[in-house]
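Asker: Okay, here's what each chain looks like letter by letter:
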Amino acid sequence: MIEVKALHKRFNDNEVLKGVDLALQPGEVVTILGPSGSGKTTFLRCLNFLEHADSGAIKIDQDWVNFNQATSQEVMALRRRMGMVFQNYALFLNKTARQNIMEPMVLVHKVSPTEAYDRATQLLQTIGLGAFGDYYPAQLSGGQQQRIGIARALAVHPTVLLFDEPTAALDPELVGEVLKVMKAVKQAGVAMIVVTHEMQFAYEVSDRVIFMADGAIVEQGTPQQIFESPKEARTKAFLSRFKVRYA
Amino acid sequence: MTNYFQPHLIWEFLPDVLSALPTTLLLTLVSTIIGVIVGAGIAYVRMENTPIFKQIAVVFTSFVRGTPILIQMFLVYYGLPMFLSYIGINADSVNPLIYLFITYGLNMAAFLSEIIRAALASVPKTQKEAAMTAGYTKQQMYFKIIFPQAIIIAMPSFATMVISLLQDTSLAFTIGVLDVVGKAKALGTATFHTVEAYISAMIIFVILSFILERTFRWVEKRSNYASRPMPIMATNPVIPVIEKPETV
Ligand SMILES: Nc1ncnc2c1ncn2[C@@H]1O[C@H](COP(=O)(O)OP(=O)(O)O)[C@@H](O)[C@H]1O
Ligand SMILES: [Mg+2]
Numbered sequence: 001m002i003e004v005k006a007l008h009k010r011f012n013d014n015e016v017l018k019g020v021d022l023a024l025q026p027g028e029v030v031t032i033l034g035p036s037g038s039g040k041t042t043f044l045r046c047l048n049f050l051e052h053a054d055s056g057a058i059k060i061d062q063d064w065v066n067f068n069q070a071t072s073q074e075v076m077a078l079r080r081r082m083g084m085v086f087q088n089y090a091l092f093l094n095k096t097a098r099q100n101i102m103e104p105m106v107l108v109h110k111v112s113p114t115e116a117y118d119r120a121t122q123l124l125q126t127i128g129l130g131a132f133g134d135y136y137p138a139q140l141s142g143g144q145q146q147r148i149g150i151a152r153a154l155a156v157h158p159t160v161l162l163f164d165e166p167t168a169a170l171d172p173e174l175v176g177e178v179l180k181v182m183k184a185v186k187q188a189g190v191a192m193i194v195v196t197h198e199m200q201f202a203y204e205v206s207d208r209v210i211f212m213a214d215g216a217i218v219e220q221g222t223p224q225q226i227f228e229s230p231k232e233a234r235t236k237a238f239l240s241r242f243k244v245r246y247a
Numbered sequence: 001m002t003n004y005f006q007p008h009l010i011w012e013f014l015p016d017v018l019s020a021l022p023t024t025l026l027l028t029l030v031s032t033i034i035g036v037i038v039g040a041g042i043a044y045v046r047m048e049n050t051p052i053f054k055q056i057a058v059v060f061t062s063f064v065r066g067t068p069i070l071i072q073m074f075l076v077y078y079g080l081p082m083f084l085s086y087i088g089i090n091a092d093s094v095n096p097l098i099y100l101f102i103t104y105g106l107n108m109a110a111f112l113s114e115i116i117r118a119a120l121a122s123v124p125k126t127q128k129e130a131a132m133t134a135g136y137t138k139q140q141m142y143f144k145i146i147f148p149q150a151i152i153i154a155m156p157s158f159a160t161m162v163i164s165l166l167q168d169t170s171l172a173f174t175i176g177v178l179d180v181v182g183k184a185k186a187l188g189t190a191t192f193h194t195v196e197a198y199i200s201a202m203i204i205f206v207i208l209s210f211i212l213e214r215t216f217r218w219v220e221k222r223s224n225y226a227s228r229p230m231p232i233m234a235t236n237p238v239i240p241v242i243e244k245p246e247t248v
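Chains as they are written, first to last, in the UniProt record's numbering: chain A, 1 to 247; chain B, 1 to 248.
Since the hints were made in silico from the structure, they are not lab data.
None of the values given here were measured: they were computed from a predicted structure.
Glycine included, each C-beta is placed from N, C-alpha and C at the ideal position.
In the BS3-like style, the derived pairs of lysine-lysine whose C-alpha atoms are separated by at most 27 Å in a straight line are:
id: 1; chain 1: A; residue 1: 110; chain 2: A; residue 2: 59
id: 2; chain 1: B; residue 1: 125; chain 2: A; residue 2: 110
id: 3; chain 1: A; residue 1: 236; chain 2: A; residue 2: 18
id: 4; chain 1: A; residue 1: 110; chain 2: B; residue 2: 144
id: 5; chain 1: B; residue 1: 125; chain 2: B; residue 2: 138
id: 6; chain 1: A; residue 1: 5; chain 2: A; residue 2: 59
id: 7; chain 1: B; residue 1: 54; chain 2: B; residue 2: 128
id: 8; chain 1: A; residue 1: 59; chain 2: A; residue 2: 18
id: 9; chain 1: A; residue 1: 59; chain 2: B; residue 2: 138
id: 10; chain 1: A; residue 1: 110; chain 2: B; residue 2: 128
id: 11; chain 1: A; residue 1: 243; chain 2: A; residue 2: 231
id: 12; chain 1: B; residue 1: 138; chain 2: A; residue 2: 110
id: 13; chain 1: A; residue 1: 183; chain 2: A; residue 2: 59
id: 14; chain 1: B; residue 1: 125; chain 2: B; residue 2: 54
id: 15; chain 1: A; residue 1: 183; chain 2: A; residue 2: 243
id: 16; chain 1: A; residue 1: 59; chain 2: B; residue 2: 128
Over the 10 Å line for every Cβ pair with chain A, so calculated as not near, a few chain B residues:
id: 17; residue: 9
id: 18; residue: 48
id: 19; residue: 63
id: 20; residue: 74
id: 21; residue: 83
id: 22; residue: 157
id: 23; residue: 178
id: 24; residue: 206
id: 25; residue: 217
Some chain B residues near chain A, calculated using beta-carbon distances under 8 Å:
id: 26; residue: 127
id: 27; residue: 130
id: 28; residue: 135
id: 29; residue: 144
id: 30; residue: 148
id: 31; residue: 225
Same shape as in the complex, but just chain B (with noise of 0.2 Å):
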């Protein structure tokens, strides 16, 4: 038996390793695409009160954020191809991935929503009423106005999600997909090194939390109106120049 602990395996298991990261990038991007759109939608009919899908999106995020992933996981896994078989639908052929994918996407947007919700509440009221009575329309005043100012709010807290989002996609593998710790798991069972390969995993995740961390402060920073610098100082008068002479 050679199980020793051997530093020199976890650079060997790298690169094998990193052939998984495509799928756990994949995982993370559509999941989270997944969870913007649907937690968009989730706020939306909140904070207009659209009856019945409003109790539904109620009973929906409150389920998500109170139970673990782990169990979404199998629940809709194993769950929603018994039901589709159920409807006369056969899902054997079904890519893992989807389920993933319906997983993670909905937790996102469970979380998400809330993000959204009070990102939105949050731009001052009076603003609303300044684009409507200047004649914009709802269209125009949510996107040249609510939105861009919602993102700014939202983006912290978003990024957080993104990031623990990537981290919980390391339960793929218990389904059997072979993303980045599904790929370490494998290989560690075949040599026989699992901590050697784990931590090829570990120094992946960490890096890759890393890159995105920056990418998202750098974007609130590019993005935050209110963090930028001054312009050069005005050399005018701050005194008010009135044109035409007051007759008053």
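Here chain A stands alone, though its shape is the one from the complex (with noise of 0.2 Å):
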């Protein structure tokens, strides 16, 4: 279970979330659309606290953290229940790909390395990456490496991952492999947060869209609710840009 209730930031005088609720079953999917500049990167970094919000609160399994007046206990705590996947990868260059996995589960979660081994041997065969695990990550396509970035956050069981349009830095044909492998993660019953682009990927997987625009949540609903009869002017007018095949 999660939920964050009234998320409050703001740069300066430039109020980017003003106040946004959401709560998510475990293993339930969540795609965030909205236009560029309406606040889903910053919801998303405010949620792991690489944002400092302002005011509200989420729960994570466990109590209640207020963003503005947590421990750094309490941020260490939710972060290791939390896995983000960034738009350029963000792999540690100085790390094989098994490496990458490996790293967070022994450092952070404090799995033994030969566990910690078997379990990112296991997760690069499931990524399709089984015979790259020593490669480093300067010497992988940027879909490779975003399926591997998916299997780092993956690896430590979180309660939840965020995606930050994680596969908007790549080419055209290396989408569907990371979208797949996303698919995977849904499988595995992992709860999503995913800011995407990709309509057909949030009508075909998500349990939930979520339309945001100038940092508040316009309309919410199923996929079919949401793509095939949106009430609201705005998300009809966001999503008329895009072309989405109805099942």
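Two chains, two separate frames, one set of hints: put the complex together.
Answerer: Quick look at the structure:
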């Protein structure tokens, strides 16, 4: 169970998040759509304390934590239950693919190195990179790096994974392999909050779609509701720019 | 007078000049260590914007970078004992090497601090964020992710600095320390074969610089993940093989 309550964030006079509420069931996949600058990235970054939110609270599995008075222990505890997948992969460039997956397990979650090695090997298989464990990020394609980024975040058994436009930096022919891995994450029962412009993915894979604009949730519902019969004018205008094949 | 150039003297002087090599090496090594430690400290206060310390660091580095090392050396050698005697400490019996360690160490620190700062800044910020979101402590983030990459980035400039420090130590003779150059100078004065003696010293410096350069390049190659050869090409399919059946 993941809950976020009344998240407010401003950069100087620019109020970027105007009180965002969100609750996810275990294993639920929520996609956030919205125009550029609407605060989607800031929202995700506030959740794992990469940005310091002004007010609001978050709860993952355990007690509520206030964004503006969290202790570093509380931040650490929350981060251990959350994974983040970045637009530009953000793999550790001085580590091999396998080490990227292993290290957070060993350092943060105190998994034994042999156990971590086995899990990393198994995850590499799952993402179709079983033979690439000893490659460094610089030796891999963007799609391969992003799949490793997902495996790294998934390896520690998080309650929820945050994705910030995970395929936006990829060449079109590499997008599919990453989306496929994301579907596998859903199969594994991990809750996901996905910011993306991949409408087909949002339509097919999400349990719920949220449309966000100007720092607030404008409309949310099942993919069918949002894509096939949006209620708000701004949602309609935004979606009219994309083509989605309805099932 | 037999003051003609006598090439064989170069070889005859070599063992004697070489006997001063430990001093030169010690000077280079200790100054480098001081330089790395103090330089890292300066880089840290400048990056963290620590008040007062930061201003001191800025003034210190521009002073060191903007004045000849010979002047810095005289300042430390003559100025420091004077200052110490003011506050009632007698520095007469201090080994002159100590002044050289201070001079060269601080000089290195000023230059290395800039190299360290640039190297740390060039590690992509997103990797820090990735480490933090993964739950790394700050210490883990620096020691596992940032430093290992920054060291590789800094290595070529660091090598250049150490090799030029080695040459700079040759000024040590001006305050009477018998390093390689000091020894050569003494031999030259005693035998009237100054040129031969200095050529001996030169040979030592050339060989030493060459060895240092080679060593650094070897270390660079060994430690640089980006320039490592690709592992044996994978035979597995590159297309993802998802374990569980897709229901979507
Ligand atoms: N570090 C920052 N400092 C100041 N303003 C920022 C910062 N990050 C984001 N913003 C502003 O916050 C708003 C929302 O940005 P962002 O969350 O990146 O939107 P999105 O991801 O939806 O495109 C934008 O107006 C952006 O200019
Ligand atoms: Mg964004």
